[in-house]
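**Student:** Could you build the full structure based on these sequences and the hints that come with them?
Residue numbers (the numbering used here), protein chains in the order written: chain A, 515 to 774; chain B, 515 to 774.
For the record, the hints were derived by calculation from the structure and aren't laboratory data.
Where hints are given, some of them may not hold.
Identical copies look the same in the list; a pair holds intra-copy or inter-copy alike.
Taking lysine-lysine pairs in the DSS-like style, the calculated list, with each CA pair at most 25 Å apart, reads [to be verified]:
hint, residue 1, residue 2
1, K534, K660
2, K628, K683
3, K534, K628
4, K628, K641
5, K660, K641
6, K698, K660
7, K683, K534
8, K698, K628
9, K534, K698
Number of protein chains: 2
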Amino acid sequence: MLDYLRSHRGNLLHVLDPFKVPIEQATDKARALSDLEFPALILASTDWENFEDTLNRYIERIRRASESLPILLHFPPRVGVGMPLVGAADGLLYPFLLESDDPYFVWRSYVDTKERLAQTASAWSLKPPEFIELAALTFGDDARSKSVMGIDPVETTAQHLGTLSWAIKTLGLDGAYLYSRYAKVPNETCAYFRNRLGPDQLLFASGGVRSAERARELFTAGADFVIFSGALECDNWRPVLESMVRGCRGEMQRAQHNPR
Amino acid sequence: MLDYLRSHRGNLLHVLDPFKVPIEQATDKARALSDLEFPALILASTDWENFEDTLNRYIERIRRASESLPILLHFPPRVGVGMPLVGAADGLLYPFLLESDDPYFVWRSYVDTKERLAQTASAWSLKPPEFIELAALTFGDDARSKSVMGIDPVETTAQHLGTLSWAIKTLGLDGAYLYSRYAKVPNETCAYFRNRLGPDQLLFASGGVRSAERARELFTAGADFVIFSGALECDNWRPVLESMVRGCRGEMQRAQHNPR
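**Tutor:** Now the structure itself:
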């Protein structure tokens, strides 16, 4: 999945919440994304319960609608459980929450998850999804992320951004995932990480992307993938999706050839 | 072991290299350290081979000479092997080499080691040693550490030291181990980390400590444990050991009550 994503930079990605979006709508959307040549579909939610059953069923239905669309998981880990995952998914965006005040969400959940996988390896009928290791950074006040994962918003001073990019490089992560639940990822911060990440590292930008115009800004600021979710949470999502894609085709093409 | 070490701050510690110091000398030294109320003995070396056999035999002999002296391991991990360890030891100072250019030595070896332990848990007749997780920082040029573990010397600018203490806090490590193979740990850097570490975090300082005077400097700079090795690598080690202890008793006592 990592190599696949590296060779599919300069693309929009859509996030579906399997605990919120009815499966019939999800399969319609997956088909539409496939037709529009989206390189993958992300399933994500801050909340989850009955994870394996729900996700296995959900993914099975999506596969039937759109066989070849790779599926990525993006969920927060939970203390005592580790990262929830199912073998039916192709990849998993693993968040290293560098701004969390709880080391479990910074990195220890990863050790926990790997230990659990090592113990249960023989019980897996499918290979676990490939982990794409990303520094997950949130921008703007976000009481929800604070209460679930102890995350403070990123302080965007030059010194602190320097510390974060040192950490991404030193830990050897696969890239960064910039997110804002209620505010927006500053374009200049996106550009900052583009300049600091290595040529093999991936940059995802998301949060409140509801228009082609906003997506264009993030591609122009160096994002490899611009992610949107809520923009399609309406009955009339097809024209919204089509206008998103149409409205930033040029920027996507340019982003595929961004110098890194 | 972590709680034990926390309640035994303000002490000298001696390092024995089990691949260099003959076992007869090691048992004599262990007995002497016990008599002088050293809180533990560290076994360490940059090189190792035939680890388990050598260490199990070595530790067995030391235990016979000095039953109650806790034994800590301090070795570098190796790609493809993880961290070498034996259940006969009580603790293991796990180095997170934050200045390594190879993420394996920064943190991935820890995941590797934990995965291996999870897979082999049932085969362990003794509990694995308790891991004490320490940021391991080296000072001064050190071609040996560079070639074995990709480690660059710590840049002692305020900004970079700030980055390192951010990392120690963010990762939730148990403390820091400052080391210099050929130069010396700057006293002011030791003091810097003392001020930045939390009250529960431990500060070890080592490298070229050959006199009570040097040990006093490091205790005064806030080290919880001052570690010496080569000073006793001579036939006449008893008076050297005794003068080390005698020469910094006052500083050790003060270090036990250092504000943190």
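**Student:** So, for every hint listed, does it hold in this structure?
**Tutor:** Each hint, compared with the structure:
1. In this homomeric assembly, K534 and K660 come within 25 Å of each other (Cα to Cα) only inside a single copy, at 22 Å, whereas the closest approach across copies is 51 Å.
2. For a Cα distance limit of 25 Å, the shortest separation of K628 from K683 qualifies both inside one copy, at 21 Å, and across copies, at 23 Å.
3. Taking CA atoms no more than 25 Å apart as the test, K534 paired with K628 passes in neither setting, with 28 Å inside one copy and 36 Å between copies.
4. Taking the shortest Cα distances, K628 and K641 sit within 25 Å of each other both inside one copy (13 Å) and across copies (20 Å).
5. Proximity of K660 to K641 under the C-alpha cut-off of 25 Å is found in neither arrangement, the shortest distances being 33 Å within a copy and 37 Å between copies.
6. Taking the shortest Cα distances, K698 and K660 sit within 25 Å of each other inside one copy (17 Å), while across copies they are farther apart (42 Å).
7. Proximity of K683 to K534 under the C-alpha cut-off of 25 Å is found in neither arrangement, the shortest distances being 35 Å within a copy and 36 Å between copies.
8. Within a single copy, K698 and K628 get their C-alpha atoms no closer than 33 Å, and across copies no closer than 38 Å, so neither meets the 25 Å cut-off.
9. Only within a single protomer do K534 and K698 lie at most 25 Å apart by alpha-carbon distance; the minimum there is 23 Å, versus 59 Å between protomers.
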